[in-house]
Amino acid sequence: MKRKYIIGCALAATLCAGPALAEELTGTLKNIKETGAITIGYRDSSIPFSYLDDNQKPIGFAMDICYKIVDAVKKDLKLDKLEVKLNPVTSSTRIPLLANGTIDLECGSTTNNADRQKQISFTNTHFLTASRFVSKKSSKINSIDDLKGKSVVSTSGTTNIKQLTEANAARNLGINIIPAKDHAEAFLMVETDRAVAFVMDDILLAAFVAGSKDPDTYVISKDAFSKPEPCGIMLRKDDPAFKKVVDGATAALYQSADGQKLYDKWFMQNIPPKGLNLNAPISPVLKKAFAAPSDSPDPDSYKAM
Amino acid sequence: MFANFDFDVIRRSLGYLFFEGMTFTLTLTGLGALGGLIFGTLIALMRLSGLRLLGRIAGLYVDLMRSLPLVLVIFWFYFLVPYLGQWLTGSSRPVRVGAFTSSLVTFIMFEAAYFSEIMRAGIQSISKGQPAAANALGLTYGQTMRYVVLPQAFRNMLPVLLTQTIVLFQDTSLVYVLSIPDFLGAASKVAQRDGRLVEMYLFAAAVYFMISSAASFSVRRLQARISIVR
Amino acid sequence: MNYHWNWRIFWEPAPNGTGTYLDMLLSGLVLTIETAICAWILALVFGSIVGVLRTLPSRTASWVGFAWVEFFRNMPLLVQLFIWFFVLPEILPPSWGLWLKQMPNAPFYTAAIGIGFFMSARVAEQLRAGIGSLPRGQKLAATALGLTTAQTYRYVLLPMAFRIIMPPLTSEFLSTIKNTSVALTIGLIELTAEARAMQEFSFQVFEAFTAATVLYLLINIVVVMAMRFLERGLAIPGYITGK
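Residue numbers (our numbering), protein chains in the order written: chain C, 1 to 305; chain L, 1001 to 1230; chain P, 2001 to 2243.
Keep in mind the hints are simulated off the structure, nothing from the lab. Cβ coordinates follow ideal geometry from the N, Cα and C atoms, glycine included. Treat the hints with care, as some may be off.
Said to hold, decoys possible - Computed far set for chain C versus chain L, every beta-carbon distance over 10 Å: (1) Asp44; (2) Asn277; (3) Pro299.
Unchecked claim - Computed list of lysine-lysine pairs in DSBU-like fashion (alpha-carbon distance at most 30 Å, straight line): (4) Lys213/C - Lys75/C; (5) Lys2101/P - Lys136/C; (6) Lys68/C - Lys261/C; (7) Lys2139/P - Lys150/C; (8) Lys2101/P - Lys222/C; (9) Lys213/C - Lys2101/P; (10) Lys137/C - Lys2101/P; (11) Lys265/C - Lys287/C; (12) Lys2101/P - Lys148/C.
To be verified - Chain C side only, calculated, beta carbon under 7 Å to chain L, not exhaustive: (13) Thr90; (14) Pro96; (15) Gln163; (16) Ala184; (17) Glu185; (18) Leu188; (19) Pro215; (20) Thr217.
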């Protein structure tokens, strides 16, 4: 089956005198085959999806999924070995770095929404979270309206800070929004009383609270800024061949028993580096999403049966 | 006041800080200064070449780079370099560049503007007799520059060039905005992971201070030694 | 090129409800200018004091000036801002530290003070060079006339020195404006930070940064023209060969 893809008049000659393949390789797959390497973008503090352990190596739920994708790509391209390069990204650099070719896959906890799909694509959803905020119990902040006039921090480049900004304008709360470079910095601001609350995906908040020096001093709000939204691994837009391989790999993983085991490994058991256990059993919506993998940006399509 | 500070965190992370962070910073400084000097000299020569168009282009480049904050230039190049690579190599997709390469390109391009001004001052400070004598001896423009003018200009401006390199050394800390792991970035990562901001930032400040002071002191000594009595 | 251009993005409403993306950038511009001016005033005040200290005959004064300049010149600006912003509140007594941290507009004050002190070292050096370039006879004549040191500086040396160092001071002021961008790391939402935020919300990387670049170039042109005007106004015939 041939696939013709018109990229531009300047198509560099292929570096390798490739064996006669039935399909013409295009886009990312072509690049991977030519360079023999795939680059993964990782986060440094999105526990438990993608974060650095004690030896500064990136590990996590999303990282493991990505490695499975790499195996699938390797098999698909029939390569003997495929070098995996790792490139750190932050919430604000992940999309530009994906678009400009620095990374091929972004493995973290990126929210999948229609706006972002104009620039990049997502593969099948691997988690669903809602935006909540964490604050110290002593601040006595129980609802979003209690944040009125206070300093609230969130990580730049996330949907969470966007939702916070919009809620601030819509409800006229006069919140002083502080953007932080990454989640660890933002949580540190709450820890040191520079901000009263940190708005982020609830699972990430739970991980930070559990790993902090004094977990009992914090409380995660019941109020949410959004419905549970899907998170997915990102890849470049307009690259159907690569997307097919990635989707296939993720779907196969989620639907098999390995998917459930992988989930338990990161959410129900002790995780490095401090051995904390998030104790977050798989939610019904996610169970459904695993059984029927989808990359839809619409939170409503994930409602449990 | 310093009672519950944990200075041991510095000792534990020394390896990471110096082997990964400081080597990144020093390599970036060294290569950036070298590349900036070469490129800067070229630009200075363009401006002094007497060809109006070349001079204008070089002048515009220098003015542009000197008007923009380094942080903005870092952002520009970080996102732009792969597209530039694509355009230069005529490939079908943006070229993959790592954080180090993109930072290096940024600093070379940025510092070239500053180095070019220094070299321009250096070249202009050479008495007109020198290139005139070279011309009389039958040397071409290229030979004049290479054997007569540039070595003298370089020697005259060496202290200023070295001072600019020290400034470059300090400016490399700005790659922090992209979470690139230079020395300050590494210190920050440890600080945020262990919640030890005070200790790590004070340590980083002390290290930068010691290196910069030692370097400035050496430059001052050098200046005293090689100053040519006129 | 795999990038979707959209130059009309500037007129689309920004998610923070305060208007269009262009308004976001302009509010950043205003903050940049405000921070730069506050920092520059601080730099001038402290820089002048330290510059004078360095040229005084007293050795202690000279040493104090030297220490000040070396301290602020040998640390990157970013590190200095971090120390002011993150370290200072932690080493002060807890109630003071808390007050500092909870202060509204903390990044603005920290940035103004941090950048101000950083630039004061450079102003001090310029002033020292300026005073040093004056003929020695000036100071001697002042002493002969019976002026005290303070009077000498006030009436004879400083007025001339400042006029002489106006061109380098212009470029130091431009440096101050550029250095405000470093404060985005401590949360000051100035022009570069707004461009970044715009890029993050709208994904239009190059449009956002082009706008910021153009605005910085504009500031540059305005400041250079204003300073040239000022220089011509204050020029002393026979000393400053104006352009």
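Going down the list of hints, with the structure as the test:
1. Asp44: Label violated. Min Cβ-Cβ 7 Å, cutoff 10 Å.
2. Asn277: 20 Å, holds
3. Pro299: Correct as stated: the minimum Cβ-Cβ distance to chain L is 29 Å, above 10 Å.
4. Lys213/C - Lys75/C: Status violated; Cα separation ~44 Å.
5. Lys2101/P - Lys136/C: 16 Å, holds
6. Lys68/C - Lys261/C: The given pair, whose Cα atoms are some 14 Å apart, holds under the 30 Å limit.
7. Lys2139/P - Lys150/C: 57 Å, violated
8. Lys2101/P - Lys222/C: 27 Å, holds
9. Lys213/C - Lys2101/P: 20 Å, holds
10. Lys137/C - Lys2101/P: Holds. Lys137/C to Lys2101/P sits at ~19 Å (cutoff 30 Å).
11. Lys265/C - Lys287/C: Judged against 30 Å, a Cα distance of about 15 Å means the pair holds.
12. Lys2101/P - Lys148/C: 18 Å, holds
13. Thr90: OK, holds: Thr90/C within 7 Å of chain L, min 5 Å.
14. Pro96: 5 Å, holds
15. Gln163: Where the cut-off is 7 Å and the nearest Cβ of chain L is about 23 Å from Gln163/C, the hint is violated.
16. Ala184: Holds: closest Cβ of chain L sits about 4 Å from Ala184/C, inside 7 Å.
17. Glu185: 6 Å, holds
18. Leu188: For Leu188/C, the interface hint holds, since the closest Cβ of chain L sits about 6 Å away, which is under 7 Å.
19. Pro215: 14 Å, violated
20. Thr217: Since chain L brings no Cβ nearer than about 13 Å to Thr217/C, farther than 7 Å, the hint is violated.
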